[in-house]
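Chemist: Quick mapping for you: the protein sequence lines, in order, are chains A and B. Heads up: the first sequence begins at 1 in the UniProt record's numbering, then just goes up one per residue. Heads up: the second sequence begins at 1 in the UniProt record's numbering, then just goes up one per residue.
Since the hints were made in silico from the structure, they are not lab data. One thing to keep in mind: the hints can contain errors.
If several chains are the same, the list does not tell them apart, and a pair holds so long as it fits within one copy or across any two.
[Unchecked claim] DSS-like mimics (lysine-lysine), calculated; alpha carbons at most 30 Å apart, straight line:
no., residue 1, residue 2
1, K156, K128
2, K224, K241
3, K121, K48
4, K156, K190
5, K156, K44
6, K156, K241
7, K78, K263
8, K78, K156
9, K45, K241
Now for the letters of each chain:
There are 2 protein chains.
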Amino acid sequence: MTLIVSAEIDVIPKHDVILPLLTSKVAKFILSKNQQIGELIGSKKKYKELSISPLSSNGRFLYAENDGKLLRAMRGEKLHFTFSVATSEVNEKTFDLDGDVSTSYGEFYVLLKTIYINQLKDIRHEIKERNVNLRFESPTLLSNKYMVPPVFKKKKVRSMNRLIPQPSLIFSFLANLWNSIADERERIVKGDLEWTPYYIGRIADVAFAEIGYSLRPVTVIIGKDNNQRIRQARGFVGWVKYEVINVNPRYLETFERLLGLAKIFGIGRSRGIGLGRVKVE
Amino acid sequence: MTLIVSAEIDVIPKHDVILPLLTSKVAKFILSKNQQIGELIGSKKKYKELSISPLSSNGRFLYAENDGKLLRAMRGEKLHFTFSVATSEVNEKTFDLDGDVSTSYGEFYVLLKTIYINQLKDIRHEIKERNVNLRFESPTLLSNKYMVPPVFKKKKVRSMNRLIPQPSLIFSFLANLWNSIADERERIVKGDLEWTPYYIGRIADVAFAEIGYSLRPVTVIIGKDNNQRIRQARGFVGWVKYEVINVNPRYLETFERLLGLAKIFGIGRSRGIGLGRVKVE
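The following block holds chain A by itself, in its conformation from the complex:
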């Protein structure tokens, strides 16, 4: 049985600070201070999937485009982040994060606001009145590889991020993520297991039609390499509103489960460092 654990955490700087350009670093530092969570996120063996959001302020994620601007936070400003992990077992009692944390980016007061624990099988976003609104709240990276059919060796395909959200890329990615964290009985299978993400992607491109959007490409800083050179990635932010058409109830349920997963873990590459955060409405 796969459990999904999510937590919402407030972070309040104790003095004015300059945040790292990749603000999820602060979140990761704070999480690693707690022994149990630290062990969990420090060891790939203990979890199947991990997403950490950037810090947010007033509901907006803080991330750096390559424009030389620094990210600042003021003393007493309420910052916020979430993390989500998929795991097969969890010891609830030691999710103790509250208190002062001294990081290399400054001193913060940390407060665990909420913790959610769900079974994977219960994850679902109900689609109301055939409308789905996806808000890509931190830069999102969708690889062109998500829709390469399994018969082609993926390594032969040069990987690039697509800068426009395409239903097939989104749902193929989510189906793959779902099955990678699911136990055998929890998996989503349409025909052949290996082909399932591809099939679901194909259906998504016919079932979801945009009825409005506002999108822009964005280049985001994702850290530094060993020579202290800035590493960046190109993705997009914005929102798309879809109408759901041409879908039978069985596939509708699948899409609803996958959208539920997107709410928790986000969409696309580099979710462990804050990219691909989405709101599903």
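Using the hints provided, position chain B relative to the given structure of chain A.
Modeler: Chain B alone, transformed into the frame defined by chain A:
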């Protein structure tokens, strides 16, 4: 042998005019005054494909969004339109359009600037340095049906316009258009003829990756119904710049031919009334 005939025409109002909300109506009216062209565009039997652009002024197409604004042109203002037709035979000598034309929208001086005649097999847009820039200069309507595999009966699929350009939709559409106007020997066939547009679409989604864009959805007026109610359609305008990756020379040539076709006939639905005009760079 399929011939592609394109013409560029200047239209100068002889007094201040209010244009119809669907400005391609003026173009169509002018064309129908010439006996040969009139017969050509009046009879579906004589051509395989016809695109007529909206009027443009200073390089911008004139079309009406549903915002109540009127489209005006001033006396002496140089307006412009193009029309393209695919046909199996053409008599060049009577492409005589120059002179005064009195329409129900006002009086215009008309000047045929250029006429191009090409064989379909010579149509091609050379892709330079792996970059393609598509400018959707009039509202473009891409149907979700373009990528429904032939095995599914298309009539079962509810038709909706996708509001985001997706390489698969674009190239599947263009392959279908190409083969509908081509003689048997000129056709593009990848494997099975019926599946070719679908295959080409699939390859396009892996071969074309966006590297920049600016797009917005737009609701455009496309005429009036029998009860004089305004008819409108929802599509998009803007530009997308692609990098072409993962493509072997044989497919590259196919994409170049299809992009050449897009330059002439545009992309998507309602090209006969001015929608889907694209610039390929």
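Chemist: Now look at each hint and say whether the structure bears it out.
Modeler: Outcome of the hint check:
| no. | hint | verdict |
| --- | --- | --- |
| 1 | K156 <-> K128 | between (40 Å within a copy, 23 Å between copies) |
| 2 | K224 <-> K241 | between (35 Å within a copy, 28 Å between copies) |
| 3 | K121 <-> K48 | within (15 Å within a copy, 54 Å between copies) |
| 4 | K156 <-> K190 | both (26 Å within a copy, 21 Å between copies) |
| 5 | K156 <-> K44 | within (27 Å within a copy, 46 Å between copies) |
| 6 | K156 <-> K241 | between (34 Å within a copy, 24 Å between copies) |
| 7 | K78 <-> K263 | within (22 Å within a copy, 53 Å between copies) |
| 8 | K78 <-> K156 | neither (46 Å within a copy, 52 Å between copies) |
| 9 | K45 <-> K241 | neither (38 Å within a copy, 41 Å between copies) |
Hint compliance for this structure: hints 8 and 9 are broken, all remaining hints hold.
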